[in-house]
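Protein chains in written order, with the working numbering: chain A, 1 to 249; chain B, 1001 to 1309.
Mixed in with the good hints, there may be bad ones.
[Unchecked claim] Partial list, derived from the structure: chain B residues whose beta carbon lies under 10 angstroms from chain A: (1) Asn1011; (2) Ile1028; (3) Leu1069; (4) Glu1071; (5) Ile1111; (6) Asn1131; (7) Ile1133; (8) Ile1224; (9) Lys1273; (10) Ile1278; (11) Asp1281; (12) Glu1282; (13) Lys1308.
[Said to hold, decoys possible] Dumping the calculated DSSO-like pairs for lysine-lysine here, alpha-carbon to alpha-carbon at most 30 angstroms: (14) B:Lys1137 x A:Lys243; (15) B:Lys1273 x A:Lys16; (16) A:Lys32 x B:Lys1219; (17) A:Lys243 x B:Lys1124; (18) A:Lys247 x B:Lys1219; (19) A:Lys69 x A:Lys50; (20) A:Lys20 x B:Lys1137; (21) B:Lys1280 x A:Lys20; (22) A:Lys16 x B:Lys1137; (23) B:Lys1273 x A:Lys20; (24) B:Lys1270 x A:Lys23; (25) A:Lys247 x B:Lys1308; (26) B:Lys1124 x B:Lys1270; (27) A:Lys23 x B:Lys1219; (28) A:Lys231 x B:Lys1273; (29) B:Lys1124 x B:Lys1273; (30) B:Lys1219 x A:Lys231; (31) B:Lys1137 x A:Lys231; (32) B:Lys1280 x A:Lys247; (33) A:Lys102 x B:Lys1219; (34) B:Lys1273 x A:Lys32; (35) A:Lys23 x B:Lys1137.
[Stated by the list, open to error] Here chain B is said to cover these stretches of chain A; the calculated rule only asks that three of the stretch's residues, wherever they fall, bring their Cβ under 8 angstroms from a Cβ of chain B: (36) 120-133; (37) 149-162; (38) 216-226.
For the record, the hints were derived by calculation from the structure and aren't laboratory data.
A virtual CB, placed ideally from N, CA and C, is assigned to each residue, including glycine.
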Amino acid sequence: MKVLVPVKRVVDYNVKIRVKPDKSGVDLANVKMSVNPFCEIAIEEAVRLKEAGTATEVVAVSVGSSACKEQLRTCLALGADRAVLIETDQDAQPLAIARALKALQEKEQADIIIFGKQSIDGDNSQTGQMFAALTGLPQGTFASKVTVADGKMEVTREIDGGLETVSLTLPAVVSTDLRLNEPRYASLPNIMKAKKKPLDEVSPDELGVDMTPTLEILAVEPPAERQAGIKVESVEELVDKLKNEAKVI
Amino acid sequence: MSILVIADHDNAELKPVTRVVVAAAQQIGGDIDLLVAGEGCSAVAEEAAKIDGVSKVLCADNAAYGHQLPENVAALVAELGADYSHIMTAHSTAGKNFLPRVAASLGVAQISDIQSVESADTFKRPIYAGNAIATVKSNDSIKVISVRGTAFDPVAAEGGSAAVEAVSSAHDAGVSSFINAEIVQSERPELTAASVIISGGRGMQSGDNFSLLEGIADKLGAAIGASRAAVDAGFVPNDMQVGQTGKIVAPDLYIAVGISGAIQHLAGMKDSKVIVAINKDEDAPIFQVADYGLVADLFQALPELEAKL
Chain A
1 MKVLVPVKRV VDYNVKIRVK PDKSGVDLAN VKMSVNPFCE IAIEEAVRLK
51 EAGTATEVVA VSVGSSACKE QLRTCLALGA DRAVLIETDQ DAQPLAIARA
101 LKALQEKEQA DIIIFGKQSI DGDNSQTGQM FAALTGLPQG TFASKVTVAD
151 GKMEVTREID GGLETVSLTL PAVVSTDLRL NEPRYASLPN IMKAKKKPLD
201 EVSPDELGVD MTPTLEILAV EPPAERQAGI KVESVEELVD KLKNEAKVI
Chain B
1001 MSILVIADHD NAELKPVTRV VVAAAQQIGG DIDLLVAGEG CSAVAEEAAK
1051 IDGVSKVLCA DNAAYGHQLP ENVAALVAEL GADYSHIMTA HSTAGKNFLP
1101 RVAASLGVAQ ISDIQSVESA DTFKRPIYAG NAIATVKSND SIKVISVRGT
1151 AFDPVAAEGG SAAVEAVSSA HDAGVSSFIN AEIVQSERPE LTAASVIISG
1201 GRGMQSGDNF SLLEGIADKL GAAIGASRAA VDAGFVPNDM QVGQTGKIVA
1251 PDLYIAVGIS GAIQHLAGMK DSKVIVAINK DEDAPIFQVA DYGLVADLFQ
1301 ALPELEAKL
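Next up, chain A with everything else stripped away, as it sits in the complex (with noise of 0.2 angstroms):
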């Protein structure tokens, strides 16, 4: 069985970021990068049915500019077997991404895909989904456990009311929660070994997909900022403030 795992290089989520003045975008000159939190957890799920005997191998892929492949090695060091980059230097978004790994998906013909539910810059939670449209293939979303069996998947999800568990028929294609696992560190070995694992290159031209963007960006902001209030003494101010000044209790 094998599992393909799309991977985003984001800005690392220790990072506060600052938006360019010409409010064009967020500044990512000498920022740090990172595998974004929700793929690393689709890593390390994808390994863990590798290491449970489920899987045979684990495929990492991401969509991007070549910087990517600091990212994809980083997958190899965690357990990936190989990994595939579909290099662009345009701004990739989701429908495009979807498009782009269908077009691998037709020839890796992976029986699970791992996506992370969202990623931490664009936050649109959509990729994963787009995907498993375009394939016809089922979708487990904001997964907190996944077990397979039978030619099937059992995900529960983490939904706005509690959790839902749903069955799918393989290939199908699962997003990570949170709370599925939590990834290992890559040890220095493992992180030297991954220097030697595959890692190919294809173009979108390639794979026959057209990556131009549809939406366009008009103007990056900062958000309105929260001014800080005040610090009272005692409970019994507290209260006071809310019933009499604020008005809300």
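Starting from the known structure of chain A, fit chain B onto it as the hints suggest.
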């Protein structure tokens, strides 16, 4: 222009966030039709017909849609939505699940989690956990949009008298099935609809200690939330999580107890009207967004607060 809004519901009642989506649709302008896809959902359709500003309610009552399986619901919405200029739903876990499938099936982009309508094709939405706001213009023929549940004032639940039209289309992809759901039952208001929320963080130290919040919640008619740290530590279940990756809330009053104020939590609550923070660490970042901060040990402050309310 004509807009198709997909209702968020549980076959028994309409989720209030649906009226928020209708409010966003009204800002775009044009006829607004509302689709209720479910099983045994005629009461929801009747409720939807009363919403102010809705022209027509489409009711697709079929076993295939009973559990909102995205493979089936998205196929229905893509079929019905092809003739509309806009397809909109809430950025809830239900909307996030099926809407991207609709967009991909129609070959158009989706604009997620909009917080304002600038024009019929231009919208503002938060990126980077709300640390930046992007103005996005869609050049697609159909605009597929999910709406932030706290960003618009909901339209009135009463006042409309739309006709309910049955939709017979049945899409059953046959590749997925519902097994079970563990829906948390609570007498308290839902987090995303509550006007007062009291949330606990890692400082609560255990799930049992969340009972300290309950008495206060009872007195204020508040919902109880939690930070990601509290959920990850296993204190409380995931459906209580407020934050970038949990629920986005904007109540009149938000009380953060033992919550340090990580960016990911602030992203979920910083649009609240009044924020109160109770934390024993006076340097906690939560105080930078709080209107009223109380530096105190929560185990002393909470019982005192309950007594004084």
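Structure-based check of all given hints:
| no. | hint | result |
| --- | --- | --- |
| 1 | Asn1011 | violated (13 angstroms) |
| 2 | Ile1028 | violated (17 angstroms) |
| 3 | Leu1069 | holds (7 angstroms) |
| 4 | Glu1071 | holds (5 angstroms) |
| 5 | Ile1111 | holds (7 angstroms) |
| 6 | Asn1131 | holds (5 angstroms) |
| 7 | Ile1133 | holds (5 angstroms) |
| 8 | Ile1224 | violated (14 angstroms) |
| 9 | Lys1273 | holds (7 angstroms) |
| 10 | Ile1278 | holds (8 angstroms) |
| 11 | Asp1281 | violated (13 angstroms) |
| 12 | Glu1282 | holds (8 angstroms) |
| 13 | Lys1308 | holds (5 angstroms) |
| 14 | B:Lys1137 x A:Lys243 | violated (43 angstroms) |
| 15 | B:Lys1273 x A:Lys16 | holds (24 angstroms) |
| 16 | A:Lys32 x B:Lys1219 | violated (46 angstroms) |
| 17 | A:Lys243 x B:Lys1124 | violated (34 angstroms) |
| 18 | A:Lys247 x B:Lys1219 | holds (16 angstroms) |
| 19 | A:Lys69 x A:Lys50 | holds (23 angstroms) |
| 20 | A:Lys20 x B:Lys1137 | holds (19 angstroms) |
| 21 | B:Lys1280 x A:Lys20 | violated (36 angstroms) |
| 22 | A:Lys16 x B:Lys1137 | holds (26 angstroms) |
| 23 | B:Lys1273 x A:Lys20 | holds (28 angstroms) |
| 24 | B:Lys1270 x A:Lys23 | holds (22 angstroms) |
| 25 | A:Lys247 x B:Lys1308 | holds (16 angstroms) |
| 26 | B:Lys1124 x B:Lys1270 | holds (17 angstroms) |
| 27 | A:Lys23 x B:Lys1219 | violated (45 angstroms) |
| 28 | A:Lys231 x B:Lys1273 | holds (17 angstroms) |
| 29 | B:Lys1124 x B:Lys1273 | holds (20 angstroms) |
| 30 | B:Lys1219 x A:Lys231 | holds (24 angstroms) |
| 31 | B:Lys1137 x A:Lys231 | violated (42 angstroms) |
| 32 | B:Lys1280 x A:Lys247 | holds (25 angstroms) |
| 33 | A:Lys102 x B:Lys1219 | violated (53 angstroms) |
| 34 | B:Lys1273 x A:Lys32 | violated (34 angstroms) |
| 35 | A:Lys23 x B:Lys1137 | holds (15 angstroms) |
| 36 | 120-133 | holds (count 14) |
| 37 | 149-162 | holds (count 7) |
| 38 | 216-226 | holds (count 9) |
The structure fails hints 1, 2, 8, 11, 14, 16, 17, 21, 27, 31, 33 and 34 (numbered hints given earlier, in ascending order).
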